[in-house]
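2 protein chains.
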Amino acid sequence: MAIIRALAVDIDGTLSDQNRVLCPAALKALRKLKVPLVLSTGNTHCFTRTVCVLLGTPRIFIAENGGVLSHSDDDMEILADLNVCEDAFQKLAAEFPLQRYNSARYRFTDIALQRNFDVLAAARRVQEMGLPVEIIDTTYAVHIKDKRVDKGTGLVRIAERMKIDLSEFAAIGDSNSDLPMYRLAGFRASVGNAIPELKQISDYVAKAEYGNGFAEIINYMNENGMI
Amino acid sequence: MAIIRALAVDIDGTLSDQNRVLCPAALKALRKLKVPLVLSTGNTHCFTRTVCVLLGTPRIFIAENGGVLSHSDDDMEILADLNVCEDAFQKLAAEFPLQRYNSARYRFTDIALQRNFDVLAAARRVQEMGLPVEIIDTTYAVHIKDKRVDKGTGLVRIAERMKIDLSEFAAIGDSNSDLPMYRLAGFRASVGNAIPELKQISDYVAKAEYGNGFAEIINYMNENGMI
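Protein chains in written order, with this note's numbering: chain A, 345 to 571; chain B, 345 to 571.
Isolated chain A, as found in the complex (with noise of 0.2 Å):
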């Protein structure tokens, strides 16, 4: 089994339930945690350090689906533009009955959409019109963000940033938004309810769902020395 150094953990569906609110397994499964959690999110920095402060975590991790960084409290990262996702916005909602979430003022790199339109479409349309961003759906928001980042190439700066390898990574989490930093890590865990492009190519699924499965995750890591 490999060793692993630490964890890179998505938040929505992975430590919360289907509403978003945090699991109490998946926060007693926290506190026995002996190697750092990097939280692995499409949520915005703020958004983001507060569940570090909740959950007790390191402020180290990937917000905007790789867009912002944090490596401490005074260190955030800056790494794809929002102009980009602005400008495809606009055309975009042209097209399409596009709604912001209120978050918007704490966005730095990226635009969160509610899911009341033709997603496939939407994505179809940035393709034929040659936008540099991606559309993704993380099944709680739709994001427009700029395609040079994703939880991937966040996780390469933060792993490099630790001096921990990729390899020495675990990701865990539910949606398409994780698959760059499975693609990446050197062991991947999914929880009952992630989708099937994730269960595919990991080393391990629960058969908990949401927060529940990502406490199962972590007692399986556990029992076998893996952290």
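Hints are computed from structural coordinates only; laboratory data are not their basis. Just so it is clear, the structure is predicted and the values come from calculations on it, not from any experiment. Backbone N, C-alpha and C define an ideal beta-carbon position, used for all residues, glycine too. Don't take every hint at face value.
The list that follows gives simulated cross-link-like pairs (lysine-lysine, DSS-like), each with its CA atoms no further than 30 Å apart [as the list claims (entries may be wrong)]:
no.: 1; chain 1: B; residue 1: K372; chain 2: A; residue 2: K372
no.: 2; chain 1: A; residue 1: K376; chain 2: B; residue 2: K551
no.: 3; chain 1: A; residue 1: K372; chain 2: B; residue 2: K491
no.: 4; chain 1: B; residue 1: K372; chain 2: A; residue 2: K551
Short derived list, chain B residues pointing at chain A, Cβ under 10 Å [what the hints assert, rightly or not]:
no.: 5; residue: D361
no.: 6; residue: V365
no.: 7; residue: L366
no.: 8; residue: C367
no.: 9; residue: P368
no.: 10; residue: L374
no.: 11; residue: R375
no.: 12; residue: L377
no.: 13; residue: F391
no.: 14; residue: G400
no.: 15; residue: Q471
Following the hints, put chain B in place on chain A, whose structure we already have.
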């Protein structure tokens, strides 16, 4: 026993432990709640909204010690003036080694400082200079805030909007900044780590500390048919 229709609850030290990490017992207690819980805190709007998401509580809350209210995800109300705090900050910074927290970019009305200076002496200087601000120590941070607002003025406005009488609110907290809402609520309960001033005017004082104390309070209110 009073019938309680809503709770106004502090976050740091009341739902969290001494390191600001959420207590599993508090999270579990929240799941049993049948009445709305209004978070009431010195934290920012963004921080507090995130706590609402993770706890699954309504998006109705008091942030920045009453300077900012949320009535819903689309309805934020700003009730205090950052300028008077900035002015006081400049004057005090000439005499005390004030250090702002990084949350500054997310604050609309008050200034949060590290607890590395003589807070009582600074509060005296504010009085001597006749500045329209108040210095409060939550034991997690020191705040400079517009003295026209506090958790009490916030609660009055929230209660009005919720159409719930103040006497039907329970206030639950641990520190100085909770006093103004204790004076208004129909029922007051303190966690075991609360300051003596709060315990003295409490209808119930939990034996347990921090989030475990909160769980004990919810249990007490349930058993006594108050909620």
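A quick look at each hint next to the structure:
1. For the hint pairing B:K372 with A:K372, the CA-to-CA distance comes to about 11 Å; that is within 30 Å, so the pair holds.
2. A threshold of 30 Å between alpha carbons decides the hint, and for A:K376 with B:K551 the separation of about 26 Å falls inside it, so the pair holds.
3. A distance of roughly 40 Å separates the Cα atoms of A:K372 and B:K491; the hinted pair therefore is violated under the 30 Å criterion.
4. Restraint check: the Cα-Cα separation between B:K372 and A:K551 comes to about 22 Å, which is no more than 30 Å; the hinted pair holds.
5. A least Cβ separation of about 8 Å between B:D361 and chain A falls short of the 10 Å threshold, and the interface hint therefore holds.
6. The interface hint given for B:V365 holds, since its Cβ lies 4 Å from the closest Cβ of chain A, which is under the 10 Å cut-off.
7. Look at B:L366: its Cβ gets to within about 4 Å of chain A, closer than 10 Å, so that hint holds up.
8. For B:C367, the shortest C-beta to C-beta distance to chain A is roughly 9 Å, which falls under 10 Å, so the interface hint holds.
9. Checking B:P368 against chain A: minimum C-beta separation of about 5 Å stays under 10 Å; hint holds.
10. For B:L374, the interface hint holds, since its Cβ comes within 10 Å of a Cβ in chain A; the closest pair sits about 9 Å apart.
11. Hint status for B:R375 relative to chain A: holds, with the closest Cβ pair at about 8 Å, below 10 Å.
12. Checking B:L377 against chain A by beta carbon gives a least distance of about 12 Å; that is not within 10 Å, so the hint is violated.
13. Proximity of B:F391 to chain A holds as hinted, the smallest CB-CB distance being about 5 Å (cut-off 10 Å).
14. About 4 Å separates the beta-carbon of B:G400 from the nearest beta-carbon of chain A, less than 10 Å, and the hint is met.
15. Checking B:Q471 against chain A by beta carbon gives a least distance of about 32 Å; that is not within 10 Å, so the hint is violated.
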